[in-house]
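> Residues per chain, in single letters:
8 protein chains.
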Amino acid sequence: MSETPTGPPVPQDPAEDRGVPLELAAVAELDHDRTRRRGYPEAVYCEGKTAAQVAAIAAAVRDKGSGPATLFTRAGGEHVKAVLAELPDAHYDTDARLLAWPPTAPPPDGGTVAVVCAGTSDLPVACEALLTARYLGRPAELIVDVGVAGLHRVLGKLDVLREARAVVVVAGMDGALPSVVAGLIAAPVVAVPTSVGYGAAFGGLAPLLTMLNACSPGVAVVNIDNGYGGGHLAAQIAAPPKD
Amino acid sequence: MSETPTGPPVPQDPAEDRGVPLELAAVAELDHDRTRRRGYPEAVYCEGKTAAQVAAIAAAVRDKGSGPATLFTRAGGEHVKAVLAELPDAHYDTDARLLAWPPTAPPPDGGTVAVVCAGTSDLPVACEALLTARYLGRPAELIVDVGVAGLHRVLGKLDVLREARAVVVVAGMDGALPSVVAGLIAAPVVAVPTSVGYGAAFGGLAPLLTMLNACSPGVAVVNIDNGYGGGHLAAQIAAPPKD
Amino acid sequence: MSETPTGPPVPQDPAEDRGVPLELAAVAELDHDRTRRRGYPEAVYCEGKTAAQVAAIAAAVRDKGSGPATLFTRAGGEHVKAVLAELPDAHYDTDARLLAWPPTAPPPDGGTVAVVCAGTSDLPVACEALLTARYLGRPAELIVDVGVAGLHRVLGKLDVLREARAVVVVAGMDGALPSVVAGLIAAPVVAVPTSVGYGAAFGGLAPLLTMLNACSPGVAVVNIDNGYGGGHLAAQIAAPPKD
Amino acid sequence: MSETPTGPPVPQDPAEDRGVPLELAAVAELDHDRTRRRGYPEAVYCEGKTAAQVAAIAAAVRDKGSGPATLFTRAGGEHVKAVLAELPDAHYDTDARLLAWPPTAPPPDGGTVAVVCAGTSDLPVACEALLTARYLGRPAELIVDVGVAGLHRVLGKLDVLREARAVVVVAGMDGALPSVVAGLIAAPVVAVPTSVGYGAAFGGLAPLLTMLNACSPGVAVVNIDNGYGGGHLAAQIAAPPKD
Amino acid sequence: MSETPTGPPVPQDPAEDRGVPLELAAVAELDHDRTRRRGYPEAVYCEGKTAAQVAAIAAAVRDKGSGPATLFTRAGGEHVKAVLAELPDAHYDTDARLLAWPPTAPPPDGGTVAVVCAGTSDLPVACEALLTARYLGRPAELIVDVGVAGLHRVLGKLDVLREARAVVVVAGMDGALPSVVAGLIAAPVVAVPTSVGYGAAFGGLAPLLTMLNACSPGVAVVNIDNGYGGGHLAAQIAAPPKD
Amino acid sequence: MSETPTGPPVPQDPAEDRGVPLELAAVAELDHDRTRRRGYPEAVYCEGKTAAQVAAIAAAVRDKGSGPATLFTRAGGEHVKAVLAELPDAHYDTDARLLAWPPTAPPPDGGTVAVVCAGTSDLPVACEALLTARYLGRPAELIVDVGVAGLHRVLGKLDVLREARAVVVVAGMDGALPSVVAGLIAAPVVAVPTSVGYGAAFGGLAPLLTMLNACSPGVAVVNIDNGYGGGHLAAQIAAPPKD
Amino acid sequence: MSETPTGPPVPQDPAEDRGVPLELAAVAELDHDRTRRRGYPEAVYCEGKTAAQVAAIAAAVRDKGSGPATLFTRAGGEHVKAVLAELPDAHYDTDARLLAWPPTAPPPDGGTVAVVCAGTSDLPVACEALLTARYLGRPAELIVDVGVAGLHRVLGKLDVLREARAVVVVAGMDGALPSVVAGLIAAPVVAVPTSVGYGAAFGGLAPLLTMLNACSPGVAVVNIDNGYGGGHLAAQIAAPPKD
Amino acid sequence: MSETPTGPPVPQDPAEDRGVPLELAAVAELDHDRTRRRGYPEAVYCEGKTAAQVAAIAAAVRDKGSGPATLFTRAGGEHVKAVLAELPDAHYDTDARLLAWPPTAPPPDGGTVAVVCAGTSDLPVACEALLTARYLGRPAELIVDVGVAGLHRVLGKLDVLREARAVVVVAGMDGALPSVVAGLIAAPVVAVPTSVGYGAAFGGLAPLLTMLNACSPGVAVVNIDNGYGGGHLAAQIAAPPKD
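Protein chains in written order, with numbering that gives the first Met the number 0: chain A, 0 to 242; chain B, 0 to 242; chain C, 0 to 242; chain D, 0 to 242; chain E, 0 to 242; chain F, 0 to 242; chain G, 0 to 242; chain H, 0 to 242.
Treat the hints with care, since some could be wrong.
Claimed, not checked - Chain C residues, not near chain A, derived (Cβ > 12 Å throughout):
id, residue
1, Leu-83
2, Thr-111
3, Arg-152
4, Leu-154
As the list claims (entries may be wrong) - Mimicking DSBU-like on lysine-lysine, the simulated pairs with C-alpha atoms at most 35 Å apart in a straight line are:
id, chain 1, residue 1, chain 2, residue 2
5, A, Lys-156, B, Lys-156
6, E, Lys-63, C, Lys-156
7, B, Lys-156, F, Lys-63
8, G, Lys-241, D, Lys-80
9, A, Lys-63, F, Lys-156
10, E, Lys-156, H, Lys-156
11, C, Lys-241, A, Lys-156
12, G, Lys-241, F, Lys-156
13, A, Lys-156, F, Lys-156
14, H, Lys-80, E, Lys-80
15, D, Lys-156, B, Lys-63
16, A, Lys-241, F, Lys-156
17, F, Lys-241, B, Lys-156
18, E, Lys-241, C, Lys-156
19, F, Lys-156, H, Lys-80
20, B, Lys-80, F, Lys-80
21, G, Lys-156, E, Lys-156
22, A, Lys-241, F, Lys-80
23, F, Lys-80, G, Lys-80
24, C, Lys-156, A, Lys-80
25, B, Lys-156, C, Lys-63
26, C, Lys-63, B, Lys-63
27, H, Lys-156, G, Lys-241
28, A, Lys-80, A, Lys-63
29, A, Lys-63, H, Lys-156
30, G, Lys-63, H, Lys-156
31, G, Lys-156, D, Lys-241
32, G, Lys-156, F, Lys-156
33, A, Lys-156, C, Lys-63
Calculated from the structure, these hints are not laboratory results.
Since this is a predicted model, take the numbers as computed values, not measurements.
From the three backbone atoms N, C-alpha and C, an ideal C-beta is built for every residue, glycine too.
Excised from the complex, chain A in its bound form:
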């Protein structure tokens, strides 16, 4: 099998156009400017990328050297191997499917972020939010299994919730928890719908709509299963005052 076409006029091979395959320039132009411009570094969303593409990006991250940690999110088995081959000391969290390099998070600063997880099945998304908030520099803590089917569980955590500067609520199925939490506290609630549930949850559409229609004001909604986005937004809300 010949992958190289023959005879003139040669069709320009796009792989050639794009330079040496799997070098960074071929697949991505990292937004190194983002930290300066926004105060937060760019993250790498692994899903939909090949392992080779992720490896090339990891190598470029390594070459750039120190600075705020770069996060690799939604990393499957092959992605994890690819990152660790380039960045052996990266921190890897299996629950959150997330890697970070450099592995150490900055010292916590700003207000506290509370991450509330409605059910056990929502835990991977909640963990991704939790780690994201920590790597962006916030103190963050996790509260598990406090769905509205047993209200006493969430009411028992009110003290913690009222201490937080931002609360991330992760919930699938009916997605009712953010409405309940927002009705009890002064801080903004970042609602993350998950794809957990029976058929009519339609892959997270049901809790997404619930959260957008929260009867309590103060609920900010992000994409389905997007723990990274929820943690990032909460970290921005809880950021320390600018001097």
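Since the structure of chain A is already known, use the hints to place chains B, C, D, E, F, G and H on it.
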């Protein structure tokens, strides 16, 4: 303008086929057998019917004479006039947009039906459910404005809710109330989504999905704004034991 | 590969935060209070949970000891192994993909629940409903393959249907059976749509909408393929009178 | 206000391009060839056309002279006036919102078309189907108010239904009637969903999906509220054999 | 592992309730009456059934003995093995994923059914329609790869299309072919949308909507990928006159 | 016409149950506790309420006396009259369709809220957000007509945007502006989709999805046209530190 | 009624913030740079704007003086009055609901744009496309009523279609025409779906999906009823070569 | 197992009808006329075709001999093997999943096509567009990773973008890039949404809607992930003038 076609072969006018216009046979075959078969009489859903059609049905109801009350639901101004012209002593409730004839409800029998209304805008649907349950023979009461944005309001009604044999919960927007109520009581919850809310409520789709995905088991869902259906189902659930 | 980040400041590992992995506190806070509050125990929805999480929950159930049976629903192969490793005498039903421990159901009490299954492909959902009703204490029986394409089949079961205090109707495709059954009986119909059907069934959306729009009042709808929810609701409807 | 732009270069007025306004060439090119090609004349769908456009088409129909009747469907008040001004002897049916010219239908030929109407609110669509079948030359009859909530009503019409060469079933809400009818007869069922129903009928989407998923084979589905299309298809199915 | 619960009161095992597993009574009640009632035998939709269930049904079909052929549609590899184990001389068509027993189709009778296939990827659905029409007794023929992107291809088949008593058009992507074909012939068009296409075909939703909105009257739509339904409907349309 | 049913047993009139009509207890239980619990007062969403209901609520607000201003949002003509009859000195903003009483906003405190309006048609929603933020105590300013079709317009406002503690971006049509803004600043962006646009905007669904899928992290989404919710959330984000 | 709040601290009235009401700065920042940047002037989409806002924009257009014509699209009656009050010599086309000022279009340059209109009801959208193309400087012509139900009509226009550099095809209902046209010519087809059709057209969703799934490559799709966008895109495609 | 049915009357095997299996006539009628009629050859969409079908088509392409290259798009592993077995010198691009035979592209002619890729995950679709444009004879180049989250990246490519005669923009997630690009240049933008993104991207629906609602005119949208269609349309737009 000639509405009667001329010349042979004459097209058979469907109005003629169906006999004298606006007599009952032309538009409806009442299910008089329903009470015997199901124990509950047929109701007349007025929306989408002309005033003349409703009048013809009201006349037939009158001619059939006494028995359990026939309900005319979703009655607009013209429908109300049409029914009252035939059945001047019919009971008419403006909030519920409902008429009943004979006007008296049967003596309350069976378990209590509690109708819970999340917000003021949901009131017409809640009233329709309340009256339906009463006209089908159940003791029924209304609890208003207890949305989840202020949990203390619903928690303050727990005694009443726990007394009921069936609870109808009417809610728009996030539709989160049935999940919360069902998590607190032993009786079945009949959830009625309403079309109240901002754009992403999509005419009631959002609370409908929320209710179908209730994380508390024991939530039965009926159609959007269908207070009649909610009250009917609750009346069946709370029916007295058969001998 | 190092999963432990090095050097100060150490990012707080969420797994550490949450204590020893796979102990119950890490993943779930069981609602032991539910039986007292609602009269029915909590069930464990296995789908979306890891085997280790399910095992931890099963161990906690075992440690709590006797009481009403806990159900593990939607159990895949790994979940079944995990539960049986902790609770070797649990009852396991392959059709319903359900485990129960303690394995014995309570003596039947209250009205009868009839579970009607429209087609053979709907059988797993119907079995889940049937077992749920029995483990919640109701006498329950199954009627199979009585779709509306052959009306004589459902009409031949009218005696059984009219004896029941609640009828669960499980159907995919057009979902027309609940309308037909509800039109024939006095008891409430709990309609469970299934994801069985050709493309335009859209994973159960079609029968779900059909059931929500049932032209016969008295149809309560639950989530797609949610046999557990259907059986639970029917058990509540058919509950014996409170003293 | 000047509607005529001035000064060179004059923008070409599209009205001028298209010739004298409201003459037929300006708005429509009638498919006079259709009767020869298909055996059935073109119909004029009035909704979305201005009264002036409909008048121009009516004048062209008049000028073409005799032949099979042209139908004007979905005619609102202004459309009716416009047609009758040009074709004063046109037949007009208020229920079906349909006009026909020449007013006389052809002598009935071919098999019988039965039009079944589930509820009174579906009557306008059913009448449109009935008249369409008759004007295309079929014997046709109407059966009203036989929804599945009272099965005895449709079962009482089985003799008529089994005589028909094609059965049009018009239904809103759950749209379950075509499945039931198709399961009882040998002839094809043409199912016409209507936009009648509570919110989750979504303007006819619910019965449309029900009909597409009919568990009885032999159900042909047309567009929502499209009585014309249902009657036309039935007329084609019941056409007499070609010589 | 114990699947048999111990100790009184024993929960009634649904498998026991339903008798000996995998006997027909356990999973299906064949509609043997259908041929007498409708003139066409019941078919077995294999998708969603276990191989054991299909085998039990096949055995029941064998025991019932001769008569019109029973079709097993949407048969996957395990289903095929299960049927052929019970009915070794069944006819099996790989393209259509369909089995028939007895294997011989009836002698062709009635009008011709033409099955038109828009693209090569639609072929499995078209073959299912073709074989269904033949096994229900109609002469039927297949026309391939005549999509509207090259109109000359369909125009070149006009003679064949105009001979048919019913035309089945199978198309994915834009689903435009039925509109074009219906505009050219007098016979009814049965349109079968397929799930073939790029993302915005949404699993067949796009061609389904196209076909429901066909600007040419005379298009009957069935479910996505439902070649069986399309062939069945066409066979009914093209049925010979009743005596 | 008699609205009072006659003869025993009298059906309990729900209007009676609920006390004297149009007194507050009949329609709403104000959440006076909200300010203490959350720090922000309850608002009154007028749409879907009758003028009489709004008047009753306004009277109750007046009777409660001073405190943080109560907002009446989405007020139509009749609502405005009803509020001003009870609260003649209420502040009324026609663009935002919003009333406030007491009319004076608190002195600005906390970080600045910037409200960015993509197009002129989005202005009512933007004004509602602006006023809400001010009445909840934040300094807030409006930036108009800076859609992405002319990037230089938004780039020209970067200084103002980078000063804000929270930025509300209101946009219809493609809803692309929040992604662009979030990519340029460190503060959280609250995105409010509007229902402005051509058909495929589907009443705001298109910009809603765009915003949920923003490729820049840091975008919080609220309901369609929900300027109140956007302003409320921004005010919470920009709240002054708790002591 | 007082619209001016009293007492310090005065809430900043957003109307004041935004300067004198109804001056341009209050509602819009015109993109005067667009013509230089893109070669085409900005248009004003009137729908959703108040008459006063449109008047302010029209005055600004007048003050800017000559240059390429500014188009005001989707102008309702009040918008038309507002524009003509400021720009009395503007050209106004009733079919297209469009105004242009200065009224004269530029001399035609570049390739020809053919605008094809499937049905009479699609005419307003087609006229908007036609005029837009002309005002952007292209020669453009209109072809009416050539739907695929009568293929001979479109085939009879092949010569004109093959002369065009870009073809705009405007169609509702099944939206099949662009596929057919694109299959016959070399030039790109700009497809504009319209909201014309029966219920399952879902406001233009059906033809939109059809066009996106066109089996002929070379079909570019724009928004529903967006004649302006279709004409604009075609004008860009048919633009004369840059020097 | 017998695949050949026995006994008279033999059901006509469709495989026999269609001649020798896997010869071209059995599965496809190539549109050899397309190049003459449209100027561009037909492509073969492999997805949904069996390897044997693709092999038969490849053989037919080989037998037809030289001419413009035929493209095989969306080729999976088995398709690639099948094509290369028949056409060993075909050009194969792994990123684009595309084969071409003859392997050489024509000499570049006409205007330049720029293909812009928003993110790395969109690269396969962008490569398919790039190669399609080249094989249809246009000079084409690729610009990678210029999403709107970092505007400076796209602004840095303005010179290249303004040189192009057509720009293809490939983007998933929010799909905002085409609006931004179209607002900066005079040439048409062909927007290709991709299925890349979190849950609420709904398989590409979100960017598809964004692009259809682009607030900048001049955006042409094609199907989700349809790089071939995007490249084809751009090649037509950038075609050299006809003589």
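> Starting from the hint list further up, note which numbers the structure goes against and sort them upward.
Hint check: 8, 10, 13, 19, 22, 24, 26 and 32 fail, others pass.
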